[in-house]
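Spelled out from the first residue to the last, the chains are:
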Amino acid sequence: MLAAALRKELLLQWRGRGQLMAVFVFGAAALLLFSFAIGPNSEALRMFSGGFLWLGLLLSSTLTLAESFHAEMENRALEGLLLLPASPRALYYGKAIANWLQLTILGVALVPVMVVLYDAGTTELLKLLAVILLGTAGLSAPGTLYAAMTAQLKAKQTLLPLLLFPLIVPALLASVKATSFVITGDPMGQLKSWILLLIAFDLIYWSLCGVLYGRVIED
Amino acid sequence: MRKGNLFVGLGVLLLLVGSYWGLFVAPKERFMGDVQRIMYVHVPTAWNWMIAVLFSFWCAIAFLFRNNMKWDSRLEAGLEVGTVFAFLLCCQGAIWAKPTWGVWWDWDPRLTTTAVLLFACLGILALRNFVDDPVKRAIWSSVATIIASVDLPIVYFSVKWWNSLHQQQSTPQTVSSAFHLPLRLNAFGVLFLMIGFIMLRTRIAAARLERELAEPPVRIGEEAGELA
Numbered sequence: 001m002l003a004a005a006l007r008k009e010l011l012l013q014w015r016g017r018g019q020l021m022a023v024f025v026f027g028a029a030a031l032l033l034f035s036f037a038i039g040p041n042s043e044a045l046r047m048f049s050g051g052f053l054w055l056g057l058l059l060s061s062t063l064t065l066a067e068s069f070h071a072e073m074e075n076r077a078l079e080g081l082l083l084l085p086a087s088p089r090a091l092y093y094g095k096a097i098a099n100w101l102q103l104t105i106l107g108v109a110l111v112p113v114m115v116v117l118y119d120a121g122t123t124e125l126l127k128l129l130a131v132i133l134l135g136t137a138g139l140s141a142p143g144t145l146y147a148a149m150t151a152q153l154k155a156k157q158t159l160l161p162l163l164l165f166p167l168i169v170p171a172l173l174a175s176v177k178a179t180s181f182v183i184t185g186d187p188m189g190q191l192k193s194w195i196l197l198l199i200a201f202d203l204i205y206w207s208l209c210g211v212l213y214g215r216v217i218e219d
Numbered sequence: 001m002r003k004g005n006l007f008v009g010l011g012v013l014l015l016l017v018g019s020y021w022g023l024f025v026a027p028k029e030r031f032m033g034d035v036q037r038i039m040y041v042h043v044p045t046a047w048n049w050m051i052a053v054l055f056s057f058w059c060a061i062a063f064l065f066r067n068n069m070k071w072d073s074r075l076e077a078g079l080e081v082g083t084v085f086a087f088l089l090c091c092q093g094a095i096w097a098k099p100t101w102g103v104w105w106d107w108d109p110r111l112t113t114t115a116v117l118l119f120a121c122l123g124i125l126a127l128r129n130f131v132d133d134p135v136k137r138a139i140w141s142s143v144a145t146i147i148a149s150v151d152l153p154i155v156y157f158s159v160k161w162w163n164s165l166h167q168q169q170s171t172p173q174t175v176s177s178a179f180h181l182p183l184r185l186n187a188f189g190v191l192f193l194m195i196g197f198i199m200l201r202t203r204i205a206a207a208r209l210e211r212e213l214a215e216p217p218v219r220i221g222e223e224a225g226e227l228a
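Chains A and B supply the protein sequences, listed in that same order. The numbering of the first sequence is this note's numbering, which starts it at 1 and goes up by one. The numbering of the second sequence is this note's numbering, which starts it at 1 and goes up by one.
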């Protein structure tokens with residue numbers, strides 16, 4: 001059941017892949033703008049590069065998350081989905097995993113932009129990928145749940161970030177810290193504790209949101 | 001007289017006595033001077049803010065299990081009072097921090113957690129404003145409240161790892177005995193005030209809900225058609 005839900009989401013995303021491209025351009029433009037806020041100080045830019053990457057990803061994520069329920073809202077498709085013999089949990093995890101995948105692709109695509117703009121190169125690509133995977137998982141779990149609520153409302157563009165931003169403070173903090181340690185070096189060995197925090201955040205929200213999703217979309 | 005009004009009156013009375021005591025009778029603190037006197041409202045607000053947050057969390061869980069709309073009215077009241085208290089806490093903290101630490105704001109775990117929760121509560125209240133269907137509104141705000149409440153300890157610990165400077169929590173054990181009485185009086189004053197506010201606000205929420213859920217008036221033509 002989960003496989004079918006996931007397949008549906010991935011197919012939808014593949015057919016609407018132009019949107020991901022547009023969101024990527026948005027994120028890259030945000031990264032470019034952040035450097036103007038700091039000024040042409042290459043040392044400071046490199047130092048804050050992790051923060052900028054995650055802020056850019058966070059801003060872009062509200063676009064992809066809000067868009068992910070677009071198809072469900074058309075022609076009352078959500079009600080049709082609920083009539084199928086599929087559990088709401090499978091629908092949620094299908095959507096959340098697809099969003100996670102999309103955000104990971106977006107994050108990975110933004111890394112070269114960050115490296116070029118902020119001179120923030122690193123050789124520990126696997127560690128960076130792990131941080132991006134864990135951080136985007138933290139964005140995707142509550143983001144998908146909140147998108148399911150706000151997609152049904154008039155003010156969805158405002159409400160989704162309003163609800164999501166305060167919530168993902170720990171995930172953002174941990175992702176920024178971990179990314180900075182990967183880029184600028186980690187002499188004190190602090191990376192591990194931030195990774196653990198991210199894992200804990202992910203575990204809590206992937207289970208909690210899956211439980212609560214059924215109540216959110218029930219009619 | 002309504003019980004809510006009674007609690008508010010009692011709370012105001014206690015706050016007046018406690019604040020008078022704190023401002024004019026209690027001795028001056030040796031290091032911080034008169035600035036420290038803000039503790040007499042700041043610490044009681046902080047304690048009661050936590051009670052308001054726990055109350056909202058409880059209401060959200062109770063609603064999801066019981067599906068009784070009275071818990072939704074209570075949740076609305078708890079969230080609003082919690083938001084006001086969080087805002088007060090940030091303001092009082094900033095007033096105290098400027099002369100003591102030299103800055104209005106500091107990225108301390110408790111301060112940051114309060115600010116995060118303030119924004120989370122504002123988000124949930126905004127969400128409530130935009131949902132027209134009362135049942136959906138109740139479910140969604142309960143879900144959002146539970147998610148935000150679970151987040152609080154994580155925010156607290158993550159910010160604690162990130163940065164720390166706040167002084168030790170003030171409780172009667174860490175404060176010299178001369179400061180006890182006004183602190184206790186005000187703690188109960190704010191507690192009663194909060195209980196009163198939540199009760200009164202719950203009544204308003206319940207009355208609004210009742211109006212929303214009331215059957216739309218039957219038009220005379222339709223009624224006549226049914227009879228025929």
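Careful: at least some of the hints might be erroneous.
Simulated crosslink set (DSS-like; lysine-lysine; CA at most 27 Å straight-line) [as the list claims (entries may be wrong)]:
#1 B:Lys28 - B:Lys98
#2 A:Lys156 - B:Lys136
#3 B:Lys98 - A:Lys154
These aren't lab readings, by the way, just hints derived from the structure by calculation. Just so you know, these numbers come straight off a predicted model, no measurement behind them.
Right, here's what the structure says about each hint:
1. B:Lys28 - B:Lys98: Measuring from Cα to Cα gives roughly 19 Å; hence the hint holds.
2. A:Lys156 - B:Lys136: The given pair, whose Cα atoms are some 15 Å apart, holds under the 27 Å limit.
3. B:Lys98 - A:Lys154: It is violated: about 41 Å lies between the C-alpha atoms, which goes past 27 Å.
The structure fails hint 3 only (numbered hints given earlier).
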